[in-house]
Structure formats: structure tokens, C-alpha cells
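Combine the two chains into a complex, taking the hints into account.
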Amino acid sequence: MDYKQDFAKEVYEKVDSGAEIKVCMQCGVCASTCPLREHMKYSPRKIWTLIRAGRRQEVLTSPDIMLCTSCYTCKVRCPRGIPVIDVMHGLASYALSQGITPREETAKFGSVFWAGIYGTGRVDEAIVPIQYCLKDGLVAGLKKSLGMMDIGLSLMKAKRLKPKMFIPPNIAIPPSHKIKGIKELQRMLDKAKALGARKEG
Amino acid sequence: MSDSTSQTIVVVGGGITGLSAALESAEAGHKVVLVEKNPYLGGRVAQLHQYFPKLCPPYCGLEINFKRIRSNPRIAVHTLAEVTKIDGQAGDFTVTIKKSPRFVNDKCTACGKCAEAVSATIKNPFDYGLSEMKAAYLPHPLAVPPFYVIDPSIAGGPEGQKAFEACPYGAVDLGDLGGEETVKASAVVWAAGWTPYDPTKIEYYNFDSSPNIITNVMFERLAAANGPTGGQIQRPGDGAAPKNVAFVQCAGSRDENNMPFCSTVCCMASLKQTTYLAEKLPEADVTIYFIDIRAMDRNEDFYTKVKQNPKVKFVKSKIAMITPGEGGGLVLEGENTATGERFKANHDLVVLATGMQPNTALNAKIPFDVTYDDYGFAMQSTAGIVPAGTTRRPSEVVTCVQDGTSAALKAIQAGRR
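Protein chains in written order, with the numbering used here: chain A, 1 to 201; chain B, 1001 to 1417.
Keep in mind the hints are simulated off the structure, nothing from the lab.
Computed beta-carbon distance windows for the label pairs:
(1) A:Q5 / B:D1292: 16 to 26 angstroms
(2) B:G1230 / A:I151: 51 to 61 angstroms
(3) A:A107 / B:Y1204: 27 to 37 angstroms
(4) A:V123 / B:S1209: 36 to 46 angstroms
(5) B:K1344 / A:S145: 31 to 41 angstroms
(6) B:D1292 / A:K199: 30 to 40 angstroms
Dumping the calculated BS3-like pairs for lysine-lysine here, alpha-carbon to alpha-carbon at most 27 angstroms:
(7) A:K41 / A:K9
(8) B:K1031 / B:K1107
(9) A:K22 / B:K1316
(10) B:K1316 / A:K4
Covered stretches of chain B, going by a simulated chain A footprint (3 or more residues, C-beta under 8 angstroms):
(11) 1250–1263
(12) 1329–1337
Where is the CB? At the ideal position from N, CA and C, for every residue including glycine.
Next comes chain B alone, as it looks inside the complex (with noise of 0.2 angstroms):
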């Protein structure tokens, strides 16, 4: 049984729910040992161009998170790690964490240098696969740790060499070898997020015949003055600006074949979506292809006002079909369900609204006695094992922050009794 001073909580995940966790802990005095399994903090939001309803950067939020930890003594933040054991009981875990080697020390600068040396490249998982980047990488240009990542496809080869050679600063390690090491611990909190549902999966969607087929996440990218294209909302195939673009709801969600559940962000996602587009490309048409629009509470403001933008068009059905078209563009199938009347409709870019399916259903089960849902949401079911955020159910920010800060409670809690 620990007291309050020595108690220790790990938090697993480094996004907006386990930075909300790890500070609310560190910040009531608890250590904390936060595990991210990306080279990088912030997870998924740090990879938005703006926040629903507000509109404002997500890095604006994150920044302060940042400086919180920074100047907190309490809280040991491990990168490229992940949690592969949790031994023993509430208030007395013992938990194995599995660090996966970055080849880059701390004496790192980010100057850059290593990745102008080396040739080989690859996909950008930061920009979901829209750009390649180099194998000698800083995630992010607001990236913390802002350290660079050598892959480790060139770590072992003359182009890894090249990198080491490179580096002013001896701050590449090619002899890195990641590491394993165990911590004491009261609680644990899970918050290993969410992973967008792999639309190759609805495959009448077709979403590998046209690059200009893309999901939500990948259309905030586009978006984004940090992404692909500086925030210039470009087609994939081709670079134009589209002029017709079409938003599919429900692509993969409610749906008895796919996640039979909904996610509750992506209607408001695509409304904020609509946004950009008005901002950014205000002479193009747009789409929303719905079962129904749900924008819940206060969000019903922002529905009403972006269906007062004449360029926005409603069309109340799910789609049935994509298929490629002539110029790139692609045709939707669907029945309008409210005229009754069944439709193809030409559009030159289609997002695909996709939902959340928790990392805790694919590659980050809890390695504990806990009990999830039919969709492998995590349930508050194992004292000391709290699970938080989008790893309990599909939520948008503010409700992720809300479930870090009541996430550290209950994990102090645990640590008490």
C-alpha cells in the first residue's frame, strides 16, 4: 500500500487524454511515468488542422500541456515505448515497459542535418501515407520530444552510416537497441486511443481504386499549414483544386458488417470540415451524405450555421457505392431517402467520415484482467487499471480531456484504499 507521496501512476498513451491523466496525477503530487508508443506527444490531435466548435489550432492547447510538463519534476516521459506486462494488484503493480530504439540520443538538436544526408525515404505515417518523407525524420516541425527518429529499415545500413556521419553533435546511436524495464506502480492508465476504421474494409467504397478517395483524418492533413500541401486543400490524384466534394457519413460506422457502433465525432467533424473548405476554396460544392446529422447539444449551433452556407448541400442517404469516374472524379450511388429518388452523383474528391475503433480492439489490448464491450472498448471493470478517453468509448476532445482528469482521480484513488 503506498501513501501519497510515494505513489507512483503509469499513464499508457500520450495523447490528449493521457497528457490530461499523467498532469492532473503530477499536478496533485503523484509521480507519473507516461508510455507513448509514437517518437512524439499529442497524439491524433496533433495531427488536426482545427478543433470543433471553436475553430482553433489544437496546438495552441497542446503547447500549454507541453509546458506543464516541462516544468514538473514528477512526470518521466518515455517515447517509442509501449506497456507489454502489468504484474500484481492495485496499489502494487508491477509494469514492464518495452522501449523500441529511436537511434538519436539526447544531445539531439534537431538541426537537420542526418536527414539532408540520407536518400532513402518513406511513407509519412504523420501525414497518413499522403507524403514521403526521409528515413532520418522529425515527426512533426512542432514535434516534443523535438529529437529526430532514424528508421529502422536504414539503422543497420550504409545510409544509416550516412547519418551517423553526418550528425554534428554524436547524437545518432546506431548501436541503440531500445530496452525493456519494469516500474513500480499504484494504477494504471490505459489510454491507447483509436485507430480511423481501415475503409478498405467497406469494399464497396473502393477506396484503394482512386487516390482521390480519402478519409477524414487524411482531409485534416490536407488542411493543415503543417501537411502535405502547406494547407492548400488539394486532390491527391492530381493536385487540383477540387470543386466538388463529398462528404460520405456513417462510412463503415452503424453498420452490422463493419463497426456496428456510432462514433459521435464525425458528423461535427465533417460540419467543421465544410468550414475549411469555405474558408479555403469558398467557389466549391459540397455534400453531406447522412443517415442523420448528429450534432449533439451545443453543437447544434455550428449545424445550423454551416447549413447556411448556400454552398453546402444535404442529401439524406447512406451511400451504396463509389466508383471511379471519368477525370479522376468519382461516381456515389445512393436513394435519397427523404425524395425517395435513387441517384448517381459525380463528385471530383469524396472523404469518407470513418469512426474510432479503440487501439484496445487491434494492437493495444491491456495486458490485464479486463473486460471490454462488444466493439473492445475498454469497461471500468479492474480497480487500479483505470481506461480512459476513446479507449472507453468513441469521444471528441473536450470529453477525452474531461475523462483524463477523472482517469487520475480514480487512479489516485485506486493507490489509497
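Excised from the complex, chain A in its bound form (with noise of 0.2 angstroms):
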């Protein structure tokens, strides 16, 4: 394999959290203690060995590195103190700022939960699975919820959903009911947006 730096210094400049991989020692303990780690092509020690090789479109493209859950098992883990979990969430904003998405449906969820925070400054759990189903519009979305049915019914049944956050008035397409300066809220995160696109830049 060759060894191009261009990517490496990339990551480790521009990507949050991207300069910690540096300490890796490729013991592979993170790609084995991973909930996710039956659904991943490209585990983190090899998403940091790619980054090292050069790897760009590879790494970039990867939905790996936007399939975290943010358990903190790695990071807890990681006998060399990486954040795992903090340089995984960064290579995907930073996929996102150079107009990749490596990973639809997560980008399309984030979309709709961002929206909620931004617009409300609240997240909504019966109307953010709702717009996330409508977003590709109105019979795909249909579609989507059977699909996904048995996961809303296991989500009751453990008490994590229950019918009646779906009966109005509890449900309101927009959500009407912002927080106590909302004003102030979107001033804080534009400005960490802001703070984020001049690294990322």
C-alpha cells in the first residue's frame, strides 16, 4: 500500500477531532466492540488506515463513518485514547461540507432532526419519524412506514412510542410550540455553524 500524507494532514487539519488518529496503534479492539460492527464494510482502524494511504474518495464515500450511534463504546475502549466516536462525526461533516453524502437515509434523518432543534428548539419524537417518512413525499413515505412497522410496534410495546403523542392536539404540522427564545438559540447555532465551516473550510 502506498503512503500518500496529502489526506492525512487533510483530515488532521480539517476534520474535528481528525488529529487524534495520529496515535493509532492498529490493535483493532474498536472494530470488535461495535454494536454496528455487523453493518460496517470499513471498521475505524481501517478507516484510519485508508486516511493514512490516501484513500480520499474511499474514506469520504463510506457510509461507515456515518452509521455511529454515539455509544462510546470505542472511545471508552481505545487502549491509545482515541475519540473514536468524535473523528467518526467529524469525517462525515466534513464529507457533508465537500457535498458528500456517504450516507443518505442518516443525512436525510439528521436533515429532519436538525430542523426540529433549529426551527423549535425542540425534537418532536412523533414528528420527526413522520417527516423523515414524508420526505421522499407522500407514497414512498407510506411505504416506508410499513416498512418499518415492526420497529414503531417494539417501540411501544418497551413504552419508547406511544399512540397518543399521535392524537392532536399533541401532534401540530408545523410544530407551533418554539421554545422561550428560539431567537437566541439560532444566533448560538449559526454561529457554531460558522465556527465549524472555517475549519472544515
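Encoded structure:
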């Protein structure tokens, strides 16, 4: 494998927590501790190697960098103390800033989630899934929600999702119950975004 | 200021480092007080089956050292003793030695009648808890001094009385209170040794979930002729001969969450232990899971030889999870970083190659103003207090012997300045 430093330097400088991967000793613990390991083509260890090998396209288009559910197990167990999760989120956000969407579904869900926070200062557990399903249009949305029925029913069984959440006036589209001081929150978020963009620039 | 004839050196620790320091000092003409916490000399070396790379039994070298001690009137040995206080300065220290009761005096002939009479048992620390023994015991068959010990848990009760009544020589002394004594010394060598890293702290290895997950020091006892199985390598869970053994390197070492440093000996220890299996259970499959194999200088030859054994497989992976499987077996998970494959592997015995934690980081801190590194190893910082062996850095036996000798020289010099 050729080692081209250009992309590695780009990651160290422009990706949030990107420089942390310098101390990786390639032990492979992250690969086997991730609860989503069965769904990964490239484990974090492999991503770091691809970065060191200069494989920019493969890294930034890899769905694996957007798969993280923030469970923090890898960060806790990494024997070199690398905040694996922070690097993964940094890479995903950097890919988006470069006009690349590594994993379509996660990006869609993220945009709905974010719109909720930015628009109202809240995340509504009933509205987010509805908006997420309807993002591709009504027919596609119904299809998708039927496909996810099992998950929905399990969530209800575990009382994480309650039918009454979906009964008006609990549900209103667009959500009307903004937090107090939404303008201030938006100013903070804008500023954070600008700071992030400056680094990724 | 002492001159060379009246100089006394206190050596803390009767393991291989302390023995070397004590003997070299005494044979150079100085008085030595050797203080050992265990009821016997020899330390962790006495618990080994074989040394690497020569694969000779440690008792060979220990016997020579014990003979040198016996024939040297300048060495006073205190077992079951600890140094609790050091006052003064180089050339003029006052050292306080606290002795725990053995409840047996030097009339003991090691006949074993007390052990026969007693029925209470305790876990055998010499076998790292792999066996039980009577609460009146000889620490191990070749123990020096060769005296029995009555465990404090029975000394005050009817079981202790049984031991007392069984002794034909009047050697059992249930009124033993231990005691304290102070010694004037020109220098103190601190060779308090190490403890295997506690494997329960690596929670994802689930050490407590199966008796068939053991540590490398326990494996030494399984292979040793004076061990709990008489040298037969058996699974502690069911006594069966293991068919498929895993060695997990860096168990808690080179890990920011446990011990961030490399203990330098565990790779060679595991390579050595594969030769026990090759000799005793040649049909057994062996896998070594490693990050890097660190077999330095002449030990590289040993590594090359082990690699020639087709029964020994090397997999480049730090093990990320150990869980109990079927039939007392264990499932090991990791990512083979040479091939990129994630794997789940079944083994029937797992040996964790745990590293060396200095006792100065645990229960044997030097009672004097001494500087330690980030991991608790003592630095050469105070005149007259000489850290040596694994108190100073992780090291194998040969380095400890050299370091003990060098500590003797430093201690002698400290008294002459």
C-alpha cells in the first residue's frame, strides 16, 4: 500500500478531532467493540489506515463514517484513548461540507432532526419519524413507514413510543410550540456552524 | 558517616533482585538486613516453572543463592516482615521493621504434624488461588526458611490449639505477637517487586465469568511440578486437558485505560509457555493473539523457534471481548489486523498475558521522599535509597539480577560519601 500524506494532513487539519488518529496503533479493538460491527465494511481502524494511505474518495463516500450511534463504547475502550466517535462524526460532517453524502438515510434523518431543533428548539418524537418518512413524498413515505412497522411496534411495546403522541393536539404540523428564546438559540447555532465551516473550509 | 567495616545495608524484598543485592553487598564485606514480606524467600521467581530463554528451572539458581546466604554470617533474614519507616539520610538511616507473627519458631523441623491436625483450609497464594491448603502450612515444598506458618485466621482459636498440641518439638508459639525493631543503616535497597495486573479490571475479558480464563502466572503454576496439578496442564474448570489454548497478549498493558506501558516480559513469557504445551500436550492447538511480538535481541531466536512449531498460530489482533461459550469454552472476538477480518474464535483455555504493576504503586510505597514515574515505578532520586529490579522498571529475571548487583554498588557508595 502506498502512503500518501496529503489526505492524512487534510484530515488532521480540517476534520474535527482528526489529528487524534495519529496515535492509533492498529490493534483492532474498535472494530470488535462497535455494536454495529456486523453492518460495517470499514471498521474505524480500517478507516484510519485508508486515511493514512490517501484513499480520500473511499473514506469520504463510505457509509460507515455515518453509521455511528454515539454509544461511546469505542471511545471508552480504545487503548490509545482516541475519541473514535468524535472522529467519525467529524469525518461525516466533513464529507457533507465537501458535497458528499456518505449515507443517504442518516443524512435525511439528520436534516429532519436538525430542522426540528433549529425551528422550534425541540425534538418531537412523534414529528421526527413522520417527517423523516414523508421526506421522499407521500407514497414513498407510506411505503417506508410500513416497512418500519416492526420497529414502531417494538418501540410501542417498550413504551418508547406511545399512540397518544400521535393524537391532536399533541401533534401539529408544523410544530407550533417553540421554546422561549428561540432567536437566541438560533444565533448560537449559526455561530457554531460558522466556526465549524471555518475549520472545514 | 560509616566506614566500610561497620556499614549496614537494608534490602527490602527477598525476590531475585533483593537476593542479588543482599548477596553482592554481603560478599563485598558489608552487613545486610534482608526484609521479606512473604514467609519465604525467592519471590515470584520461586513460583515459575521455567525461565526463558534457556528453559531451566528457577530453583537451580535460587538454591545457589540460598546456599550463599546460609554460608554468609553477615546477612540477617527477616521473613513476614516489612519496612514501615525510614528516617535520616544517606549514611545514617534509622529503619523500622515490622514483623508479622508466624506462630512457629525455629524449632520447626517441617514434619507437617500441625497441618495434619488442622482441618481449616485457606486459598493457596503460592498457586495464585488455584488450590486450597491447610491453614497450617509450608508455603511450598522448597521454602526457605523451611518453617511452617500458622495462618492468623486460626491462631487464636481451637484450630490453632490443635496445631499447638500436634507439634512434638514445641515449635508452635500461639502467643507470637510479631514485633517491631529498628536498624541503623547506611543505605536502603528497595526491591519490593511487582504484582500481576488485576485481570478483573479489564471488564470486557470477563475474568470472573469462567475458571478457564487464567493469567500467565497461574499458567506457570499449572505447568510446575510442585503446582496444584503436579505439572499436568489442566483446565481449572473441569480438569480436562485443553485442546485449543489462546494466549491473549497485552491484557491490560499498552492501554490508556489500564497500564499504558509495555511490561517487556509477557511476549517472551507466552512464547515460553507454548513450549510447555509442546512438551506436555503436543496435540494441543495454540494461538497467540498479539499487537506486536516484542522479543528483543537474543530472544528473537526463541521467537523464531516457536514460529517453527506448526501447532502455534499467531494472529495479529488485540482481543476486544471474551465471553463464556459452550462446554466451558470461551469465545474470543477481535479484528485480525493483518487480513482485515473480524473473527469469533473458540478456545477451551484462555491465558491472559497480564503485565507487571510495581508494588510501589500498590501496597509497598517507599516510606521516604522518593519520586515516582507516572506508573508508580520509583526513580533513582534520593541518595541512599536505591530502587531496584521491578520497583524501577518492568524487567525479566536476568535484568533483575544485574539491577540487584548494581543496586548493591550504589548502596555501598551511598554509605561512603
